[in-house]
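**Student:** Could you build the full structure based on these sequences and the hints that come with them?
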Amino acid sequence: MTDQSGIDILRYLRGQTARHVRLQLASPSEIVNPLLFFLLVVILFPLGLGPDPERLALLAPGILWVVALLANLMICMRLFVDDFEDGSLEQLAMASTPLALSVIPQLLAAWMTGGLVLSLAAPLFGMMLGLPVSAVPVLVASLLMGTAIMLLLGAVGAALTVGVRRGGILLALLILPLYIPVLIAGTRALDEALHSGDPVVALAFLGAGVTGGLLLAPLAIAAGLRVSLEL
Amino acid sequence: MASELSVQKGVRALLSNVSLTVNQGDVWQLAGGNGVGKTSLLRAFARLARIEVFGRLERCEDVLYSGHSAALKGALTPRQNLMTHPSGLNAPSDLAIDTALEAVGVLGHADVQTARLSAGQKRRVALARLFLPSPRLWLLDEPFTALDVQGVTVLEARFLEHARSGGAVVFTSHQSAALGDDLKVLNLEHYCGD
Chain A
1 MTDQSGIDIL RYLRGQTARH VRLQLASPSE IVNPLLFFLL VVILFPLGLG PDPERLALLA
61 PGILWVVALL ANLMICMRLF VDDFEDGSLE QLAMASTPLA LSVIPQLLAA WMTGGLVLSL
121 AAPLFGMMLG LPVSAVPVLV ASLLMGTAIM LLLGAVGAAL TVGVRRGGIL LALLILPLYI
181 PVLIAGTRAL DEALHSGDPV VALAFLGAGV TGGLLLAPLA IAAGLRVSLE L
Chain B
232 MASELSVQKG VRALLSNVSL TVNQGDVWQL AGGNGVGKTS LLRAFARLAR IEVFGRLERC
292 EDVLYSGHSA ALKGALTPRQ NLMTHPSGLN APSDLAIDTA LEAVGVLGHA DVQTARLSAG
352 QKRRVALARL FLPSPRLWLL DEPFTALDVQ GVTVLEARFL EHARSGGAVV FTSHQSAALG
412 DDLKVLNLEH YCGD
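Residue numbers (the numbering used here), protein chains in the order written: chain A, 1 to 231; chain B, 232 to 425.
Bear in mind the hints are in silico, worked out from the structure with no lab data behind them. Cβ atoms here follow ideal geometry from the backbone N, Cα and C, with glycine treated the same way. Be aware that a few hints might be false.
[To be verified] Here are some of the chain A residues that sit facing chain B, going by a computed Cβ distance under 7 Å:
1) Asp8
2) Gly87
3) Met94
4) Ser228
[To be verified] Partial list, computed: chain B residues near chain A (C-beta under 10 Å):
5) Leu251
6) Val253
7) Arg274
8) Ala277
9) Ala302
10) Lys304
11) Ala306
12) Gln311
13) Thr315
**Tutor:** Structure, rendered in C-alpha cells:
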C-alpha cells in the first residue's frame, strides 16, 4: 500500500514537472531574458570600471553574484503570475494533493529553466570578467546551490504578492533582505577560491540552506498562495 | 449539502439562510442578477472561500469546479491542456480526449495553440473536461458564457446525461436553461442581504 502511493507520488511529481518544463519551453523568452540581462550587465561593468583585468578579476565574485541575484529576482516575479490569472492555481489549491507538495514541480521546473541555466552559463560570464579558470568549479557549485535557495525564498515572496497588482517592487523589498546571507556565503566561497583559501565552509553553508529551504519553503509558499487566493 | 448558509463578502452580507441539498441525479441552477452572490456561493461549495461563509456545509470530497477563468494554457494545444489537468491527477487516455474534443466540436483544432482559438472555442475546450471521466459533483460557474446555441444544447444534454448516470450538477446562470422538469432552480434574490 505504502509502496503503491510512493510510486504514485513520484509519477505525479515527474508528470507535473514535465508539464511545467513544457510550459516554460513554450515561451522561451522567459528563459532567455534573464540570461541576456546577465550578459548585458557583465558587458557594462568593464566599460564602467575600465578594462584592467586584475581589477576586474578582483571584483568578479561580487559582480557575478549580484547580477545572478537580480536575474533570479526577474525569474521569481513571473513565477505564479500566469497560473494565478488563468485559474490553474485555484484548481491546484482545490485538488486533494497538499498544496505544499503540488508546488514543488513548478519550483523544480523554474529552477531547471532558470537557476540551472544561469549557473551553467556563468563560467562564460566569469571569463569575460577575467575570473581564473581555477575558480570556475566553485563558481558553478556556489551558483547551483545559491540559485536554488534564492528561488525558494523568492517563491515565498512571489506567493504572497501574486494577487497584488504590480507586485514586483513589493516582492523585491520583501525578499532582497533575505538574499543577503546567500550573497555573503556565495561571494565568500568565490573569494576563498580566488585567494587559494578553503571554500568548503561557505559551500557547506549554501548546502545547508538548500536542504533547509527545500523542507520549509514549500510550506510557506502554500500558506502564501492560500492568502493570495483568499482561501 | 448546505443549510442556513450565510455568505459575507468584506463587510457586506451577500446571502443569508441559504439551504440547498443536492442529491444524486439533481441539476441545480443558481439564478439571480449580477452581484447577487452566485459565484460566491458556488465557491463556498467548492471550498474556495475563506471565513466569509457561516453555517453548515457538507460536501463530498471529489468535485469538479470550473470558474470564470478556464485554467487553460494558451501556449499548449487543447489536447495537451486536457492531457494534464492543472491538478495533475487522473491523466485521461488519448481516446477519451479525442472523444471529449469531438463532443464539444473542437476536434479539428486539437493541435492548434489554444491561444489562437476564439473565446467560444476556448470555452468549449474547457467544457470538454466534462466529457472526460470526472468526479460526480460538478460546480460550474457560468458554463454557458460565450457558447453558441448549438454549444448550449450539447452542454444541456451532457448535464442530463451526467445526472441520469448518478451525478449531480450545480451551475450558475442568468439565462433560463431549457432543461424542462429536470432542472431545479434556486433563486438567490430571495436570500439577499441581511
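**Student:** If a hint holds in the structure, say so; if it does not, say that too.
**Tutor:** Checked hints:
no.	hint	result
1	Asp8	9 Å, violated
2	Gly87	3 Å, holds
3	Met94	6 Å, holds
4	Ser228	12 Å, violated
5	Leu251	19 Å, violated
6	Val253	17 Å, violated
7	Arg274	9 Å, holds
8	Ala277	6 Å, holds
9	Ala302	4 Å, holds
10	Lys304	6 Å, holds
11	Ala306	3 Å, holds
12	Gln311	7 Å, holds
13	Thr315	5 Å, holds
When each numbered hint is compared with the structure, violations occur for hints 1, 4, 5, 6.
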